[in-house]
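> Following the hints, complete the assembly by docking chain Y onto the known chain S.
Chains S and Y, in that order, give the protein sequences. In case it helps, numbering that gives the first Met the number 0 puts the first sequence at residues 0 to 490. In case it helps, numbering that gives the first Met the number 0 puts the second sequence at residues 0 to 490.
Since the hints were derived computationally from the structure, they do not count as laboratory data. Take the hints with a grain of salt, since some may be wrong.
Stated by the list, open to error - Here are the simulated DSS-like pairs of lysine-lysine, each with C-alpha atoms no more than 27 angstroms apart in a straight line:
1. Lys122(Y) <-> Lys349(S)
2. Lys349(S) <-> Lys216(Y)
3. Lys228(S) <-> Lys84(S)
4. Lys383(S) <-> Lys383(Y)
5. Lys349(Y) <-> Lys121(S)
Keep in mind that this is a model prediction, so the values were computed, not measured.
Protein chains: 2
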Amino acid sequence: MRIRIRNVEQVNQHLRNAYLCSTQPSVAPKTVLAPQPRPVIVDNGESSRYWVDPTNHMRLPKSLAAALYQTQNTQSKRSIGNMEKPSFQPKKVLILSKLTRYEFEKKVHKGCDDDQLATILKKRGSDYNRLLSKHKIHHSYLNTLQRELENAGIESRLVRRFGYTQEAVDWADAVFSAGGDGTFLMASSKVRTKHKPVIGINTDPQGSEGYMCLMRKLPEENLAGALKKLFHGNFEWLYRQRIRITVTGDDGISDAIELHDQQLNRDPSTARWTDNPRSPAREIDVEECMSLSPPVKKRMISESDKVVVPIEKETVELPVLALNEVFVGESLSSRVSYYEIGLNEEQMLKQKSSGITICTGTGSTSWHFNINKLTEQCVQDLMKIVAEHCNLPQIPHADKNAVSEICTKFNQQLIFDPDRRQLAFSVRDPIFNATFPPTDPRGFADKIRIKSRGYDAHLVIDGGISYRFNDGSEAVMEVRDEDTLRTVVFR
Amino acid sequence: MRIRIRNVEQVNQHLRNAYLCSTQPSVAPKTVLAPQPRPVIVDNGESSRYWVDPTNHMRLPKSLAAALYQTQNTQSKRSIGNMEKPSFQPKKVLILSKLTRYEFEKKVHKGCDDDQLATILKKRGSDYNRLLSKHKIHHSYLNTLQRELENAGIESRLVRRFGYTQEAVDWADAVFSAGGDGTFLMASSKVRTKHKPVIGINTDPQGSEGYMCLMRKLPEENLAGALKKLFHGNFEWLYRQRIRITVTGDDGISDAIELHDQQLNRDPSTARWTDNPRSPAREIDVEECMSLSPPVKKRMISESDKVVVPIEKETVELPVLALNEVFVGESLSSRVSYYEIGLNEEQMLKQKSSGITICTGTGSTSWHFNINKLTEQCVQDLMKIVAEHCNLPQIPHADKNAVSEICTKFNQQLIFDPDRRQLAFSVRDPIFNATFPPTDPRGFADKIRIKSRGYDAHLVIDGGISYRFNDGSEAVMEVRDEDTLRTVVFR
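Bound-form chain S, shown alone:
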């Protein structure tokens, strides 16, 4: 059948439609046994007081990193996006650059020259030379990126976090993040359409695993070549599902709080700096808090209750999608969390725990992974008990390699395809008793509803943005096609 092609987008749409009729649903990642090229694990010996380690929460032991790298790429072949003929030809590109640690320290210690700064840092156990070196590496990547965009005739604007506004994002056809995975998270947080690609450039391959970045740890000398590939269409689209959160509260929704300085009266300029939303402290800025769009308020009749929601309850869609996970639980780490949870359309169940995470495939390598993974110690103990209980001395609990392989396999099963249109929930330290009967603390669902019974609870998006979520509030979390994040990957 001949069709008139007016533009690439039309071709994409056509191919997409054709594929949709025949697509297989996403499948769980297979266990991969063949040895794979291992990503280089670089020793980040940074011993500074502020562990600037944006993506440590996503790092895996070598054996798992390799498995993940293979798994995610293999699965993505099944993604719908792979049926589109890739093309990356934006006219206007926005670059979100992180602030380097060196830049931050210079800002904090205004008026100090570099020698003085070096002394101050040394007293704290930080290494000035390392900071400067990383700063230079970051800017080297950044300069190459800007130069290649210019050579390709693409207009670009460079912003840092405070200039990363919705307006700036709307202006652009595509967004690049220059930093680590944390910067990528920040960049994607303001992109709500699946048609605007977000591409991560890992400018700190030593410090960041770059799971969400192009080629993960692309050496700087290869960046120009990689960008050329991109402009020539030699790549594939990778679609990362995200979580949409709709909250109903007694008194509307509080404003978002950036998880940084929880201690009052602390001078913002001295707030601890890091690139990672899920690390201690981000530099706070009043304008930044305000730059988060206020939640979209809607009044709704609650279908599930079959009653009219009293007029004072407001339902809002949070303006930020979660790319990794949503955490719901008490703000205070040593306080027990109470809530009710309902999967899909099932009845709500009461739970008591240390909180719950709801994650995407992207997030399944992150906090979710660290909560659920088993250690070799644990696997060994269990194998020994099974051997004794079942009278099976052949079970190799004393064989370190066997234990390690079994441990790896178990942990690998925790990770799933970023493209999978389901949410994985994970209950931390679940407490079971007569009032709170045992349930599976891990599982999948298409939609998850949570009713807070909390005292000082919060709902935290990607470890960085927090909304108050106390007794009386309810949240619905789901994955929607239109919320998908479009990124790129090389095969």
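Quick look at chain Y alone, frame taken from chain S:
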């Protein structure tokens, strides 16, 4: 050999000395397979907004509760204390009574009569009748206790939490707590000598497991008889080890904060009430905060560093011993914790996790247990992987009973003797990578040192008392004989 006996204490001392020469060190609890009488698990259907559930964090599934009940009693036979001839003949007894939920609500809603209160509670999903009923039960126990003490010629004083001062404790020869395990924790927190017994009376057998209380869930009609047994010496001493914490900080130690209302400007009288330190909110009171003795400050030369500690570092022994556990980690539940840990005299290791708990045998059924326990889902998954990996189809992963038994055995191994003179540490969600190499996240030590590398971290005792513990602070935790808590148990 004849010795002149002047008093019972001398006999005790003599027996103690004799035993000390021959004592065996505490051993880990054995796995108990024989069926044991199961404690009654009562359904606490309380659906109130404020889950008044002091000890839910200590509840276990039936199979484990039974095992625990047997295990702890069996082990205690080996305790040194069992060689003393028991005698309980105090002249003066202090009774610490909890505030019942009913009393609290009446206080909060001053000026409302009971009908109005009933309406208010109903709107919140709470049951007025149940509250009143529990209130009466509590006072029935309390009256019996006071009456029996009087009949035995023992002077007693009754206080609630705000009257529970060091002065009051010092006045008494023994302390009774009337409430649940939470009240027992509170009572024992001010008893620093191992010669002053603390006895828990569980006045809420429906709501509290009473692990630390006499007979755990003693029916009210049996209380008088139990007390008579006590006065006649028909019991055994049970010694519970506790954790002493010594902290060295850059600027001394902050005042203790009771973990209750973290939100500023909240009227204390409306603060959420509970008996459990590790539940949301306790009713706060300025006088109460101040009634915690300020930490004992001492200047010390740090032996481990072999240098003179700079004059601005202060070393203080915290005035509260931990009976369950110490938690060290970031205050904010979604923030990653950084710290260094050293077991005994070993080198300090850097760690990154969601925090660490250090517990006693008493605490091993509590938070520590819930962090480390495996669920049947997890055990089944792992058994399946072992079966496939080792080609052992006989492994009964599909057999629910086998899985349940194996799961129980694994979890049971987490629990140890309250009398054991060691600390168990447990790292939550440990993050392993090149900077933070894998270590066993669970283990024992005689002494544990932690150096904070935290941003807004705290050190939390028994889930109720929190001390700021940021970068620059160090804590040493150990078990000392003189800190033992003396309690009673019936065989």
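> Please go over all the hints and tell whether each is borne out by the structure.
Against the structure, the hints:
Distance check on the hinted pair: Lys122(Y) and Lys349(S) sit about 19 angstroms apart at the alpha-carbon level, within 27 angstroms; holds. With a CA separation close to 25 angstroms, the supplied pair Lys349(S) and Lys216(Y) stays within the 27 angstroms bound. For the hint linking Lys228(S) to Lys84(S), the alpha-carbon distance of about 14 angstroms falls within 27 angstroms, and the restraint holds. Annotation: proposed proximity of Lys383(S) to Lys383(Y) holds, straight-line Cα distance about 15 angstroms (limit 27 angstroms).
As the CA atoms of Lys349(Y) and Lys121(S) are separated by approximately 19 angstroms, the hinted pair is consistent with the 27 angstroms bound.
In the structure shown, no violation is registered for any of the earlier numbered hints.
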